[in-house]
Each structure stands twice: as structure tokens, then as C-alpha cells.
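**Q** Sequence:
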Amino acid sequence: MKVSDETMLFRKVEDEPVTAEEVLTRVYQSIQEKGYNPINQILGYLISGDPAYITSYNNARSDIRRLERDDLIEELLKEYAKAKQL
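Using the UniProt record's numbering, the first residue of the sequence shown is number 1, and each one after it goes up by one.
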């Protein structure tokens with residue numbers, strides 16, 4: 001039996017985002033680091049449901065899919081309402 005010389009990366013569970021705010025922050029930063037417009041990319045995903053809008057860089061695509069799109073939209077609207085004092 002041949003032993004593989006490839007390195008495997010394992011992420012610790014506590015590193016994974018749990019709230020919508022954490023997910024959106026990490027995804028936003030990852031998209032920005034790749035040089036894309038985070039607003040356009042995240043909205044494209046939320047509107048279409050197509051995960052290809054989100055880069056796989058830093059596991060952003062996996063992170064954003066941890067939560068339902070409805071939950072992410074609700075969180076965005078809550079934050080908007082808070083900011084506008086609605």
C-alpha cells in the first residue's frame with residue numbers, strides 16, 4: 001500500500017461561522033480579497049441561488065451555504081432597518 005505524500009488541511013469546528021453576521025463578514029472579506037465586488041457577488045447569489053457567484057477562496061462558498069438564503073436576507077434587512085432607524 002502506497003502512502004500519500006499530499007498534505008491535508010482540516011478546519012477546526014470553532015473556526016466555522018455560526019451566525020448570519022459572521023458568515024456574511026467572512027464571505028464579504030474573501031470576495032474582496034479576490035478582487036471582486038462583494039455586494040454584486042453576494043446579491044447575485046441571494047437572488048439566483050447560484051453558488052458560483054461566491055468564490056471558493058477561504059471556503060467562502062461553503063460558509064455562505066451553511067445558512068438558508070432566506071435567513072441571510074432577513075439578517076440583511078434587520079441590519080438595514082437598524083441603520084435607518086425604521
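To be clear, the hints were calculated from the coordinates, so they are not data collected in a lab. It is possible that part of the hints are untrue.
[Claimed, not checked] Straight-line C-alpha distance at most 20 Å; calculated EDC-like pairs for lysine to aspartate or glutamate:
1. 82 with 63
2. 34 with 63
3. 78 with 33
4. 34 with 22
5. 82 with 71
6. 84 with 74
7. 84 with 68
8. 84 with 21
9. 82 with 22
**Q** Taking the hints in turn, state whether each one holds.
**A** So, going through the hints one by one against the coordinates:
Simply put, residue 82 and residue 63 have alpha-carbon atoms about 25 Å apart, too far for the 20 Å limit, and the pair is violated. At most 20 Å may separate the alpha-carbon atoms for a hinted pair to count; residue 34 and residue 63 meet this at roughly 16 Å. Between residue 78 and residue 33, the direct Cα distance comes to roughly 26 Å. Violation of the 20 Å bound is thereby established for this hinted pair. In summary, the hint linking residue 34 to residue 22 is supported, as the alpha carbons are separated by about 19 Å, within the 20 Å threshold.
Between residue 82 and residue 71 the alpha-carbon distance is near 17 Å, which keeps this suggested pair within the 20 Å criterion. With a C-alpha separation of about 15 Å, the suggested pair residue 84 and residue 74 falls inside the 20 Å cut-off, and the hint holds. For the suggested pair residue 84 and residue 68, the alpha carbons sit about 25 Å apart, so the restraint of at most 20 Å is broken. A threshold of 20 Å between alpha carbons decides the hint, and for residue 84 with residue 21 the separation of about 18 Å falls inside it, so the pair holds.
In summary, the hint linking residue 82 to residue 22 is supported, as the alpha carbons are separated by about 17 Å, within the 20 Å threshold.
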